[in-house]
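Q: Listed here are the chains, written in short residue letters.
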Amino acid sequence: MSGIGRHGAESALIGSVTAILIALILAPIAIVVVMSFTAASTLQFPPPGFSLRWYLEVWHMATGDAASLTRLTESFRVSVAIAALTAFLCVLASVPASYALVRYRFPGRSAVEELLGLPIVFPAVVLGIALLILVSVSGIEFGLWQIVAAHAITFLPFTMRNCITALKGVDPELEEAAKTLGASPLRTFVEIVLPLMRAGIAWGVLLVFILSFNEFTLSYFLYTVDVFPLSIWLFQQSNTSFSPAIFAVSALTIFFNIGIILTVDAIVGKRGGAHIRS
Amino acid sequence: MTTVGTSEAAAAPLASAIASPIRRPIIWLLLPAGLLAGLLLVCTLTLLRISFGPRYAEWNGWSLAAFVEAFSPYFLSIILNTIWLALVSAVLATVVSFPIALFMVRTSSRLARDLVLICIMLPMVVGLLVQSFGWVAILGPDGLINQVAFLITGEPRTFSLLFNTTGVLLGLVQTTIPLAVLPLVSSLSVIPSDLEEAASVLGARRLQTYRHVILPMAMPGIAAGTILVFGFNTGAFVVPLLLGGSRVSTIAVIIRDQMGTLSNWPLGAALSMALIFIALSVQVAHRHMGSRSRFER
Numbered sequence: 001m002s003g004i005g006r007h008g009a010e011s012a013l014i015g016s017v018t019a020i021l022i023a024l025i026l027a028p029i030a031i032v033v034v035m036s037f038t039a040a041s042t043l044q045f046p047p048p049g050f051s052l053r054w055y056l057e058v059w060h061m062a063t064g065d066a067a068s069l070t071r072l073t074e075s076f077r078v079s080v081a082i083a084a085l086t087a088f089l090c091v092l093a094s095v096p097a098s099y100a101l102v103r104y105r106f107p108g109r110s111a112v113e114e115l116l117g118l119p120i121v122f123p124a125v126v127l128g129i130a131l132l133i134l135v136s137v138s139g140i141e142f143g144l145w146q147i148v149a150a151h152a153i154t155f156l157p158f159t160m161r162n163c164i165t166a167l168k169g170v171d172p173e174l175e176e177a178a179k180t181l182g183a184s185p186l187r188t189f190v191e192i193v194l195p196l197m198r199a200g201i202a203w204g205v206l207l208v209f210i211l212s213f214n215e216f217t218l219s220y221f222l223y224t225v226d227v228f229p230l231s232i233w234l235f236q237q238s239n240t241s242f243s244p245a246i247f248a249v250s251a252l253t254i255f256f257n258i259g260i261i262l263t264v265d266a267i268v269g270k271r272g273g274a275h276i277r278s
Numbered sequence: 001m002t003t004v005g006t007s008e009a010a011a012a013p014l015a016s017a018i019a020s021p022i023r024r025p026i027i028w029l030l031l032p033a034g035l036l037a038g039l040l041l042v043c044t045l046t047l048l049r050i051s052f053g054p055r056y057a058e059w060n061g062w063s064l065a066a067f068v069e070a071f072s073p074y075f076l077s078i079i080l081n082t083i084w085l086a087l088v089s090a091v092l093a094t095v096v097s098f099p100i101a102l103f104m105v106r107t108s109s110r111l112a113r114d115l116v117l118i119c120i121m122l123p124m125v126v127g128l129l130v131q132s133f134g135w136v137a138i139l140g141p142d143g144l145i146n147q148v149a150f151l152i153t154g155e156p157r158t159f160s161l162l163f164n165t166t167g168v169l170l171g172l173v174q175t176t177i178p179l180a181v182l183p184l185v186s187s188l189s190v191i192p193s194d195l196e197e198a199a200s201v202l203g204a205r206r207l208q209t210y211r212h213v214i215l216p217m218a219m220p221g222i223a224a225g226t227i228l229v230f231g232f233n234t235g236a237f238v239v240p241l242l243l244g245g246s247r248v249s250t251i252a253v254i255i256r257d258q259m260g261t262l263s264n265w266p267l268g269a270a271l272s273m274a275l276i277f278i279a280l281s282v283q284v285a286h287r288h289m290g291s292r293s294r295f296e297r
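Chains A and B, in that order, are what the protein sequence lines are.
Following this note's numbering, the residues of the first sequence are numbered contiguously, the last one being 278.
Following this note's numbering, the residues of the second sequence are numbered contiguously, the last one being 297.
None of these hints come from the bench; they were simulated from the model.
Treat the hints with care, as some may be off.
As the list claims (entries may be wrong) - With a straight-line cut-off of 25 Å between C-alpha atoms, the simulated SDA-like cross-links for lysine to any residue are:
#	chain 1	residue 1	chain 2	residue 2
1	A	179	B	28
2	A	179	B	29
3	A	179	B	25
4	A	179	B	27
5	A	179	A	196
6	A	179	A	105
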């Protein structure tokens, strides 16, 4: 707020520098979207004209006779399943753990907090390779669960953080009141605490779902012939035939991400948005 | 127990009211998250064991050969190159983040702030795989930048930006900007505007105010952001894989090669230990940077 009048030139400078930087940061995403509408069959830039032909091509790849060969639909389904299971696992683990960390003092609490924050800095390549070794040593077929486990470990801190923030906003006196009135601890939690945490949990689920859906490195090490996520599909396609159809699929995943964010925002509302921030 | 916040004071009576039978519930509450985090420890221990094993007999014998090889000149140069790339990208990301964070703190429009936040989060959320196609279209030999240069200078393919260090650095900075912006925003937003006014009343020019008031007070955020980006980028894999071609190697790419095609598991595991060591150092450093708790703020 300081001196909008006096430092008008300064805030104009900061504003325009920010605008330029944001444009640069978004340039690769913007180019992907623009190129997906090209009318040409090559990736020349700028596109000579615009059309929806590559979206039509993707539609044929997904639904046509060769759909089982291209495996596009299948990959999309696998990615959605992995993302949904990951988000579910993360919430299942985060809600009780955040309750223990926020409501109780106990020895070793800071060590637990440290351990649960570790996945943020843990290198994904190392986790992916270690899990791959463990899976091959065990000799068990885990199917998509090996990717789900890797994603759940990596993205747990995100739901933890949202749940802790949400829980801190719930007045402990409400719980005491419910208990004084004779409600059991479980009933108090389910009927009082959980509804009040709803927005924070929803944003956590959203964030983890999207991060898992787009994740590449862990999937790269843990995918199998039967479990073939969309990110791996895109990677393989880009190595074999680099056609604008890949740009159309990429643009569709970007639209898919933005669509989910807008949907959750409309359902949960602005109040919950605070948890994804800061 | 040093982190006493408001909610903790409020939780105290509740905790004491049900103090006696709480020990067991806590373990059950922490169990699911503990299992996931425990798997991370199992992974680390597995690699630690393999790193001390001889090649092709990883589970049986003991050997230090992998560590000796990991610190041979060839691999040491890749380790140092990775650290160098992470360092440069961390500094660049912080420099780029500073005006963005300033804008987010100073703008009075909530919409503008939210919009900027979404814009900087988008590259991190979308992920580099999808964006790398865009990077190729921008940086490639016939990409946007070279087309523009061609229009100006008339020389085709002036810049080679793809599959070298420049392209990798751009990718590393672009995807990690939110990690640098968010800590900066939280440390800039606590600077009272009185302080800037006091400085100007006392005759400081704007640049002096920046240098002697704003910059020192933003230091915790600058340090926290730089350390986070550094830590994140020491493990860089997708960016060098997709934008570096085969010419830019990082520790993570080498680990993949050793574990995969070259099947030298102990060496891959020893290099993984180096990466884990850096990650743990980063977490410790980040903790000492004044951010009290990972989940707070």
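Q: Each hint: holds or not?
A: Cross-check of the supplied hints:
1. Our distance criterion of 25 Å between C-alpha atoms is met by residue 179/A and residue 28/B, whose separation comes to about 21 Å.
2. As the CA atoms of residue 179/A and residue 29/B are separated by approximately 19 Å, the hinted pair is consistent with the 25 Å bound.
3. Taken as a hint, the residue 179/A and residue 25/B pair is honoured in the structure, with Cα atoms around 17 Å apart against an allowance of 25 Å.
4. With a C-alpha separation of about 22 Å, the suggested pairing of residue 179/A with residue 27/B holds against the 25 Å cut-off.
5. The straight-line distance between the Cα atoms of residue 179/A and residue 196/A is roughly 17 Å, inside the 25 Å bound, and the hint therefore holds.
6. Pair hint residue 179/A plus residue 105/A holds up; C-alpha atoms about 20 Å apart against a cutoff of 25 Å.
Against the hints set out earlier in the document, no violation occurs for any number.
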